[in-house]
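Asks: Working from the sequences, and respecting the hints, build out all of it.
Number of protein chains: 4
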Amino acid sequence: MGPWLSPEELEFVRRKVPMVYVDIVPVRTDESGQVESIGLLLEAQDDGISRALVTGRVLFHETVREAIVRHLEKDLGPVALPQLSPSIQPFTIAEYFPTPGSGKYDERQHAVSLCYIVPVMGECGPAADTLEVTWFTPGEVRTPELQAEMNESHAQILRQALGQMGEL
Amino acid sequence: MGPWLSPEELEFVRRKVPMVYVDIVPVRTDESGQVESIGLLLEAQDDGISRALVTGRVLFHETVREAIVRHLEKDLGPVALPQLSPSIQPFTIAEYFPTPGSGKYDERQHAVSLCYIVPVMGECGPAADTLEVTWFTPGEVRTPELQAEMNESHAQILRQALGQMGEL
Amino acid sequence: MGPWLSPEELEFVRRKVPMVYVDIVPVRTDESGQVESIGLLLEAQDDGISRALVTGRVLFHETVREAIVRHLEKDLGPVALPQLSPSIQPFTIAEYFPTPGSGKYDERQHAVSLCYIVPVMGECGPAADTLEVTWFTPGEVRTPELQAEMNESHAQILRQALGQMGEL
Amino acid sequence: MGPWLSPEELEFVRRKVPMVYVDIVPVRTDESGQVESIGLLLEAQDDGISRALVTGRVLFHETVREAIVRHLEKDLGPVALPQLSPSIQPFTIAEYFPTPGSGKYDERQHAVSLCYIVPVMGECGPAADTLEVTWFTPGEVRTPELQAEMNESHAQILRQALGQMGEL
Chain A
1 MGPWLSPEEL EFVRRKVPMV YVDIVPVRTD ESGQVESIGL LLEAQDDGIS
51 RALVTGRVLF HETVREAIVR HLEKDLGPVA LPQLSPSIQP FTIAEYFPTP
101 GSGKYDERQH AVSLCYIVPV MGECGPAADT LEVTWFTPGE VRTPELQAEM
151 NESHAQILRQ ALGQMGEL
Chain B
1 MGPWLSPEEL EFVRRKVPMV YVDIVPVRTD ESGQVESIGL LLEAQDDGIS
51 RALVTGRVLF HETVREAIVR HLEKDLGPVA LPQLSPSIQP FTIAEYFPTP
101 GSGKYDERQH AVSLCYIVPV MGECGPAADT LEVTWFTPGE VRTPELQAEM
151 NESHAQILRQ ALGQMGEL
Chain C
1 MGPWLSPEEL EFVRRKVPMV YVDIVPVRTD ESGQVESIGL LLEAQDDGIS
51 RALVTGRVLF HETVREAIVR HLEKDLGPVA LPQLSPSIQP FTIAEYFPTP
101 GSGKYDERQH AVSLCYIVPV MGECGPAADT LEVTWFTPGE VRTPELQAEM
151 NESHAQILRQ ALGQMGEL
Chain D
1 MGPWLSPEEL EFVRRKVPMV YVDIVPVRTD ESGQVESIGL LLEAQDDGIS
51 RALVTGRVLF HETVREAIVR HLEKDLGPVA LPQLSPSIQP FTIAEYFPTP
101 GSGKYDERQH AVSLCYIVPV MGECGPAADT LEVTWFTPGE VRTPELQAEM
151 NESHAQILRQ ALGQMGEL
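Chains as they are written, first to last, in the numbering used here: chain A, 1 to 168; chain B, 1 to 168; chain C, 1 to 168; chain D, 1 to 168.
Source of the hints: derived by calculation from the structure; they are not laboratory data.
Watch out, some of these pointers could steer you wrong.
For chains that are exact copies, the list does not tell them apart, and a pair is met inside one copy or across any two.
Derived SDA-like pairs: lysine to any residue, alpha-carbon spacing no greater than 20 Å straight-line [unchecked claim]:
id	residue 1	residue 2
1	K104	H61
2	K74	S102
3	K104	E36
Replies: Written out as structure tokens, the structure is:
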């Protein structure tokens, strides 16, 4: 019995309990740890192109650290060299509900997402369903124009991450 | 379709995905916020009596704040007057696995638990399956003797909470 | 030798070492801890009227908790009933320098300020040099118009506090 | 007027205001960020040999990041390659007073210290007044025997750091 679910099982479970997710803000920092740029994914979706954080589910029997590393590798490639913090405390949590109007919205499920800022030191290239990984300065990320290219839930988490890094 | 699951559904889901939990350390503080005492539950279990944190599942469609309030009310009664922080950031997360030896252990499930310290200002009395709520000073909680009356997972979270409150 | 300094001593010390400050965001919350409103001071200054956080110096021999309580009492009055967290971890630090252009600016000094969000439960009234204490919803505080009524350093801390409370 | 003070000036200032310090716990982590070892300094002091955290003052006009890097370089050498977090939030603060019995003790001064856990990736060698840098596993650091080789203030901060890293 592995951690992967059939589509039917996943559909069933998603209507029964909240799902555990991680939302990750990849960053590049200078030698004193100050953020220099923030990586956003460019993704093709049914309704067009949008920018997104690295995000995904924590599997049965998987640790949160393993899930963070797996999703970063999935979206940034195998040599991104993420530097996870020795503390597993998320900088915030995000709660998604399948009901429009009640906070963050995810039509598929109720999800509780642990949010992390993760510096990466290696080469990043698009992988999986990602068209491109683009790095923006904090000043660029603060603009409403760039945030409008993301869904509102991810834009909120991104602003919270900017606050956590002293860049709001 | 409410948030409560039949025993069979719950058993099924628990073998498919990690469950979202909260672990709560109730405290009493003085007027400057310094912790004065920590509340532990005395519970009767199959293998005897033990002390425990307030803990429980986050239900489908329930916010984390609602779950914290519900579980505190369940274990401390309806007039405990919990003072939740305006920040929903947990002070740590705890990961329980159904496999002995890999971190925290919970034979029933894989659970990712959000851990909070919550001051309470009202009257606390045992409710539900709790025999007693007992308040201990930080000095008492630091003793190996008291910690030995808890399962090791809860004792670890409690030590982390003491660290967070500057009481280690 | 008390904690208060003569003007000459304070002037001397301020050119020698960074000063320890606290910046405090007073909030009112609902019974689940969710922020409902944020209190800003209306102050008369040489160049007009502006809104500000509760802020002030930590004195020699004074604990950070004592400083928080003292400054809240100074600006919100003696019956504000602040509920300090059992954790003394600030949600961020703010660094002020007497040189324009290098981050936050304070012409008087280099200051390292510990930033806290503190719920208050009692009656708040203006005291000392404060003209008024005004409570704003998170939505109001997010507007550039209101933030333009504060100095930029306090507006930055306020946005970080909104992020910490999930209100950005 | 540089940031360095004459001994007389420093002595004067130390009796007037709290001093800003940093206390740093250097760690080595595995590729998922989990702590593997913790670096402690071996120092010769008047009353014998003891183990210590990396610690020191924040200078006038110096940022906290600059102070962290400077003190790590002073104690671990120039190629330790510290990886500071993009967030400047300390995991706790430590308050030292020149009066025995009131919390952490420092006969020289009242100090407010910002505490950080900093992963290092390079070579570390003793420098300045340090005899040796020794790396211990979390299990070793947890023992009362090792903690007894430190002053009690640093041992407390170290236990809090272990808690923050999920290693208590």
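Asks: Now look at each hint and say whether the structure bears it out.
Replies: Hint by hint, here is what the structure shows:
1. K104 to H61: Close across copies (12 Å), not inside one copy (26 Å); limit 20 Å.
2. K74 to S102: neither (30 Å within a copy, 25 Å between copies)
3. K104 to E36: The answer is between: 18 Å across copies meets 20 Å, while 28 Å in one copy does not.
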